[in-house]
Amino acid sequence: MQREAPQQGLVEAARRRVARQGWLLCTPALIILVFAASGPLLIVLVYSFLAPGDYGGVRWELSTEAWFNVLLNRDIFSGEVGLADAHLSIFWRSLSLSVLTTIITLLLGFPTAYFIATRPRETRNVWLFLVTIPFWTNLLIRTFAIMEVIRSEGIVNTGLIGLGLIGQPIQMLYTDFAILLGMAYVYLPLMVLPVYAAMERFDFRLVEAAYDLYATRWRVFTRVILPLVKPGVIAGSILVFIPSLGAYVTPRVLGGGKNMMLGNLIELQFGAGRNWPLGAALSITLLAIVMAALIFYVRMAARNEAGRE
Amino acid sequence: MQTGPGAALDSAVRDREATIDERTTVEAGASAAAIVAERVTKVFGAGAGAVRALDDVSVTIRENEFFTLLGPSGCGKTTLLRLIAGFDQPTAGTILLAGQDISHLPPYQRSVNTVFQSYALFPHMTVAQNIGFGLEMQGKPRGEIAETVGAMLKLVRMEELRDRRTDEISGGQQQRVALARALAPRPRVLLLDEPLSALDYKLRKDMQIELKRLQHETGITFIFVTHDQEEALTMSDRLAVMRDGRILQIGSPRQIYNHPAERFVADFIGDTNFLTAEVIEADGRKARLRLGSGREVAADVPEGMQAEGRVTIAVRPEHAAIAGDGVLEGTLENIVYVGPDTHYHLRLADGTGFVVRSQNLRDADEARAAGETVGIAFKPDAVQVLRD
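Going down the list, the protein sequences come from chains W and H. Under our numbering, the first residue of the first sequence is numbered 1, with each subsequent residue one higher. Under our numbering, the first residue of the second sequence is numbered 1001, with each subsequent residue one higher.
Just so you know, the hints here were simulated from the structure itself, not pulled from any lab data. These figures come from a predicted structure and were not determined experimentally. Keep in mind that a hint or two might mislead.
[Unchecked claim] Simulated DEER-style distance windows between Cβ atoms:
| hint | chain 1 | residue 1 | chain 2 | residue 2 | range |
| --- | --- | --- | --- | --- | --- |
| 1 | H | 1255 | W | 218 | 45 to 51 Å |
| 2 | H | 1109 | W | 36 | 56 to 62 Å |
| 3 | H | 1202 | W | 203 | 26 to 32 Å |
| 4 | H | 1217 | W | 17 | 38 to 44 Å |
| 5 | H | 1369 | W | 203 | 56 to 62 Å |
| 6 | H | 1051 | W | 221 | 28 to 34 Å |
| 7 | H | 1072 | W | 218 | 36 to 42 Å |
| 8 | W | 111 | H | 1072 | 47 to 53 Å |
| 9 | H | 1123 | W | 29 | 31 to 37 Å |
| 10 | H | 1048 | W | 29 | 41 to 47 Å |
Beta carbons: idealized from backbone N, C-alpha and C, even for Gly.
Please work from the sequences and hints to get the whole structure.
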């Protein structure tokens, strides 16, 4: 007992020292987080409660007008208050396109990840490498490439016309379809990688065990594979959904000026719209939607888990 | 009324007996076989890289039997098990389960369950959910599942841990859950793929007894795969010794141990002295041989073998004894006392080593010393002629 006391003190001191070093090590990351994320966020929050300056910027007087304008508008002449239909349709487009993008990338990414995870160990890295190749090229260039493919004189339309399948080019560019195509293409690797990571840890002997216990292929998938790779599916969905919701380049290039998403609307307020407070309020709203969606999604996933007990 | 752990099981056994009776009347004779493998060949890969994992294997495993496939790694025992389970399909030949051809049925359509070497328990389910999984997949009603799971938990003595996650229990407990999970759907045949290899010695011994008890209580045919000859001998009703994709010999542990047909079998199972001898005369399964020493001995000949000329013979160390006048003579090189036995390591005149194992009696005194020349006597029926 007497010998143990000083030793325990040493262990405790060592633990404290290591803990202190841990803090020290993550200081750079903390600094970046505080100054590059939390700081601007706070500024945006403050701006949303100010009045717009005449040539952009803000006037330092308290105003809730921006927040009022997020969902509502007041008729300039009659002063009548109504719903801001333009904003609502943009909210709706952003949300529905993001959900669809997430579903499409999941439907495409899951089998891809399954395929890679079931390859021999040596060839898996090659497949993963191929998945990451699109990241080598700038997003804008990739988006213009899609534009080239689907525009009226693009290879898809000229090809189909050449084959005599269609007489007139199909309008694909500057539609929601184009945005969806672009986003699914851009975010697919973000789905594949986390799903693959979960699947690589999956013990495929469990599949045989389930077959052996009278589970059909579908049951093996829903009862054994899916529950065990769910963390990867959740991570992938979050990684795709969040940037989709705030996507800016893809809807701007492929959706044209008409089919705006939230990111474009916000940009508009800070640019040509010269309404920084509204842009700030919309940004906070976007953040709130993302958080609400995440909480909903995680809750739902957790409830599925509990429902099985 | 019966409410003990045996209740559900008793009725399970009764059900089985009823079905067995039924089948006996329907197709007499054939019903005694749980599994029949007929000329089964399995080739993996193709072309020059093809591996013949099973080569024309035929075996009949009886209803309610503890049958062991024994052999070194790569002998094809696991391949045969996987063909019976349905994870792989035979390249040629057929596998019958209770008279029905199952060669190409998927695993979920066979009344065969497997206890995996790695246990392969579902990590996202509790102990009870694991055990109930097979029944659930069979679409059994909730009440019946709960009842059977309860009976199975009792059977493997795991009632307190029913709601634990499978990574919260020990290796031995996981083993029991894997067993209960495979037994719960009452398969006709239970396959066990080296299930004890991950356990430590003491636990392995306990589980050997446990497995025998379970097989006895459930009346299910067990097919057990192992490379451990001691495990095979102590647990099996019958066993098949395999090597290079073939079955070398099938028989009861006693038959295999006392009458190995091939040198590999004699060598793989237990300790053996190998000698060469000249055949004087052979008559069916019996022969008279002349040993290197010139003395004559009687020997058993494997079925179907024509014994002539020089043959290899096997003599188990405990079937020989140190004697004043024996059929062989050797010099004592080493005497090893191991408690119940003493091992005498001898060198024969022609340079061959020979081991005699004799049981120690309490009041026996150490009479022999290294360097002494002694006789070696064979007990009756000690000599077995081997195919090379």
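Hints versus structure:
Against the hinted window of 45 to 51 Å, the Cβ-Cβ separation of residue 1255 of chain H and residue 218 of chain W comes to about 47 Å, which satisfies the hint. In this structure, residue 1109 of chain H and residue 36 of chain W meet the distance hint of 56 to 62 Å, their C-beta atoms being roughly 60 Å apart. At roughly 28 Å, the beta-carbon separation of residue 1202 of chain H and residue 203 of chain W lies within the given 26 to 32 Å, and the hint holds. Distance hint for residue 1217 of chain H and residue 17 of chain W: a CB-CB separation of about 59 Å, inconsistent with the stated range 38 to 44 Å.
One distance hint, 56 to 62 Å for the beta-carbon pair residue 1369 of chain H and residue 203 of chain W, holds here, with the actual separation near 59 Å. With their beta carbons about 30 Å apart, residue 1051 of chain H and residue 221 of chain W fall inside the hinted range of 28 to 34 Å. For residue 1072 of chain H and residue 218 of chain W, the hinted distance range of 36 to 42 Å is satisfied, since their beta carbons lie about 39 Å from each other. Under the hint 47 to 53 Å, the C-beta atoms of residue 111 of chain W and residue 1072 of chain H, about 40 Å apart, miss the expected range.
Taken as a hint, the range 31 to 37 Å holds for the pair residue 1123 of chain H and residue 29 of chain W, whose Cβ atoms sit roughly 33 Å apart. A beta carbon spacing of about 56 Å between residue 1048 of chain H and residue 29 of chain W contradicts the range 41 to 47 Å that was offered as a hint.
Against the hints set out earlier in the document, violations occur for numbers 4, 8 and 10.
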